[in-house]
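What follows is each chain in one-letter form.
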Amino acid sequence: MCRTLALVFPNQLPKVVRYFSHRVDLAGEERPMKAPAGFVALSLLLLSGTPTEPLCAQTVTAGELTLRLAGMTAVTGYEQAMVDTLLTLLPGAVRDRAGNAVLVLGNGPPRRLAACPLDETGFAVGRVRPDGWLTLRRSPARTHLPGPLFDQQLEGQRVTVFAARGPVPGVVAVRSVHLTRGRGSLSQEPFTVDDAYVDVGAASASGAADLGVGVLNPVALAKRPHRYGSDKLAAPWVGRRAACAALLAAARRSVAEPGKDSRSGSTVVAFVVEQQLSARGLLTLATSRGPFAESWIADDSVGARAVQAADSNPELGAVGSPPRAALGQIHAWQISTAYPGTAVETVSLEQVEHTSAAIAGWLQGEAGQ
Amino acid sequence: MRTFGLAAFFMTAAGALPAQQSAPVAEAQSVLAPLVESYGVSGMEAPVRATVERLLPRWARAKAETDTAGNLWVRAGKGDPVVVVVAHLDEIGYAVSAIRDDGSLEIMARGGFFPSLFEAEPALIHTGAATPVPGVFMPRDSIGPTPGRTPSHFRVDVGTASRGATEALGIKVGSTITMPKQYVRLAGTRATGRSFDDRVGCTALILALRGLDPARLRHEVIFIFSVREEVGLEGAAVAAAALQGRPTRVHAIDTFVSADSPIEPQAFAVAPIGRGPVVRALDNSAVTPPPLVDSLAHLARARNIPLQIGTTNGGNDGSTFAPWGVPDVAIGWPLRYSHSPAEVIDLRDVAHLADVVQAIAERW
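If you read the protein sequences in the order shown, they are chains U and Y.
Counting in the numbering used here, the first sequence runs from 1 upward without gaps.
Counting in the numbering used here, the second sequence runs from 1001 upward without gaps.
Any given hint could turn out to be false.
Facing chain Y, according to a computed beta carbon distance under 10 Å, are these residues of chain U, among others [as the list claims (entries may be wrong)]:
(1) R68
(2) G147
(3) P148
(4) Q152
(5) E155
(6) G156
(7) V177
(8) H178
(9) T180
(10) R181
(11) G182
(12) A203
(13) A235
(14) G341
(15) T346
Calculated Cβ distances over 10 Å to all of chain Y for the following chain U residues [unchecked claim]:
(16) A141
(17) A205
(18) A357
Computed list of chain Y residues with no C-beta within reach of chain U, every gap over 10 Å [what the hints assert, rightly or not]:
(19) G1170
(20) P1289
(21) W1364
These are calculated hints, taken from the structure and not from any lab test.
The beta-carbon is built from N, C-alpha and C at its ideal position, and this holds for glycine as well.
Construct the complete structure from the given sequences, taking the supplied hints into account.
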């Protein structure tokens, strides 16, 4: 286990207990651990009393962090479980009023920003039916979907409902192929979120409630990061996760090797929320910690292109408007993806390492790319 | 008979779930989970057959034989009337039809299913080696602004850039392809996974064999784990041709495709999960003679096993015995979302299905 435990602050303990009371299983999915939370809390209290030791930043690669983050879910507006994880992985980082995870390196102006959006287009429980099935709504509702078949990826697949008492596995109903035979042709309209009925095994609304399932619980495809080829990793939203992993690994390195940045001023490293809804996380940084001389955004191909076209990006506001202006010149670190916007969106872990190295260099005063 | 039968009958009637951790449910799961997580697209059933053999009781393992088609036979008891019980080993999936110059794989379906459920999903290519080669089912080449639900064509990417590199992974034309599978418990006694069709049937046969004392059987019962059901009942046809008219009855133990969900038409096949196995009295391949339906219902009642009677779509292995006049008394368990990656069952139905099979062997 990484020695980030030694840097846990008492006020972070509940979050850490929650973090360590769940594990990501071999399939990359978050599951409750068998160890009681009290036992975990006690262990952490004991560990937090040990002398602070150097982080194991050098031993955790951006690729390993990509694998870790790709197994997690951060539906727009419901990113805080992932923020909890980031706060434990990045000592010194704090949660700001928008819910971003923020770390400041250095002091004073000029200020620079390195940020990565966390959120993914996903779903929330819209209704619990009397028969126990759940229906969904998309979050964010106002969104440019990655493609016209985005919702269709739910049909007949396993999902995770992030319920009040922990993740609950479910499936999205699909017609049985046998029962369609001889009964007329099936509609060729793509499956949409309004066609989604989630089956968690409950036979009634009260059965769903017994699982802690209720309206507004985030729902996403079960995340099972899948490695193939020599260095490829496939998972939903893996491009964005890889970008955040690249930034995270670089920031951990900067924390572990302080004093290497020869530049004056400070750098804000941030993992931002709700980029797909209103860029609330990013703009909150601009207004609360800016103005920045320059802002670098790490993201997948689609997100990076949107940022690079920031002059026409409605979420960021007009170029001359105060929040947008406070971001300064905007640049992007881009993670290339194959099959973007699908359940098998794919990144090259080798490219992730290269990108992380470039970010680390920038954090230490080198050119951005 | 399992002592579980009577208790479960009352619990089912009450609609409660106190049997979540009962011994029969736990044993059913202990057999079913490794079967579900074994891979065996039609024609490549060897890994599943090996798992079945491992899970058989010792006496049955000693008697197990594999025929030239790949069916696994276990004979118990002696004398007439001979009764055959058959469940199939194979599952739906794809096979490699060609390897392209860019290293990607052209594929063809093995069995009937919605291809959209496989599009843009993780893939495993089964080469016969111990570990499959991972890849991904690619999204369709072109989507356009108004795509249809069903892709006309898609391929598999194994992360290579040339035909030679793909072949170096051991992949060849005919290699089979699946999605990765995982057995997962849902609420109560429910579970999800892929290829419950027909690993639940195999589980019922194994559990029944575990419960039987072969020395006490009053007639011969032949348990067959068949191959290539999903591509035309091919393995069962070989077994039927070998046995010809000897059996007095055949029982296909296979999925009862259920309309137990809000998205299915409710005209027929409405057998709720958790309320017991189902006599598959009328399907697309066979009609069970009504007196035999009645007899089976009587047998279940006598053993306090909950039993539903219904009609659904699909064919079953028992129908291959029709040319010899052998009655097919097919029995299933209700399954939601058949032939999808998200099939859902109730484990109580699995345990009760095993009770029915055991009762048939011992008493009918």
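Here is what the structure says about each hint:
Given the 10 Å rule on beta carbons, the hint for U:R68 is violated: about 18 Å separates it from the nearest Cβ of chain Y. A hinted interface residue such as U:G147 counts as satisfied when its beta carbon comes closer than 10 Å to some beta carbon of chain Y; here the least separation is about 6 Å, so the hint holds. For U:P148, the shortest C-beta to C-beta distance to chain Y is roughly 6 Å, which falls under 10 Å, so the interface hint holds. Proximity of U:Q152 to chain Y holds as hinted, the smallest CB-CB distance being about 7 Å (cut-off 10 Å).
Proximity of U:E155 to chain Y holds as hinted, the smallest CB-CB distance being about 7 Å (cut-off 10 Å). For U:G156, the interface hint holds, since its Cβ comes within 10 Å of a Cβ in chain Y; the closest pair sits about 4 Å apart. Interface restraint check: U:V177 against chain Y, minimum CB-CB distance 5 Å, threshold 10 Å, status holds. A cut of 10 Å between beta carbons decides the hint on U:H178: the least distance to chain Y is about 4 Å, and the hint holds.
Evaluation of the U:T180 hint against chain Y yields a held restraint, the C-beta minimum of about 8 Å falling below 10 Å. Among the interface hints, the one on U:R181 holds; its C-beta lies about 6 Å from the nearest C-beta in chain Y, closer than the 10 Å criterion. The interface hint given for U:G182 is met, as the beta carbon of that residue sits about 7 Å from the closest beta carbon of chain Y, less than 10 Å. For U:A203, the interface hint holds, the least distance from its beta-carbon to any beta-carbon of chain Y being 7 Å, beneath 10 Å.
Checking U:A235 against chain Y: minimum C-beta separation of about 9 Å stays under 10 Å; hint holds. The beta carbon of U:G341 comes within 9 Å of a beta carbon in chain Y, closer than 10 Å, and the hint placing it at the interface holds. Interface hint at U:T346: satisfied, since its Cβ lies 7 Å from the closest Cβ of chain Y, which is below the 10 Å cut-off. The claim that U:A141 lies off the interface holds: its Cβ sits roughly 21 Å from the closest Cβ of chain Y, which is beyond the 10 Å cut-off.
Its beta-carbon lying about 12 Å from the closest one in chain Y, U:A205 satisfies the requirement of being farther than 10 Å from that chain. Look at U:A357: its CB is around 23 Å from the nearest CB on chain Y, clear of 10 Å, so calling it non-interface holds up. The Cβ of Y:G1170 sits about 14 Å from the closest Cβ of chain U, beyond the 10 Å cut-off, so the non-interface label holds. For Y:P1289, the shortest C-beta to C-beta distance to chain U comes to about 23 Å, beyond the 10 Å cut-off, and the non-interface label holds.
With a minimum CB-CB distance of about 28 Å to chain U, Y:W1364 clears the 10 Å threshold, and the non-interface call stands.
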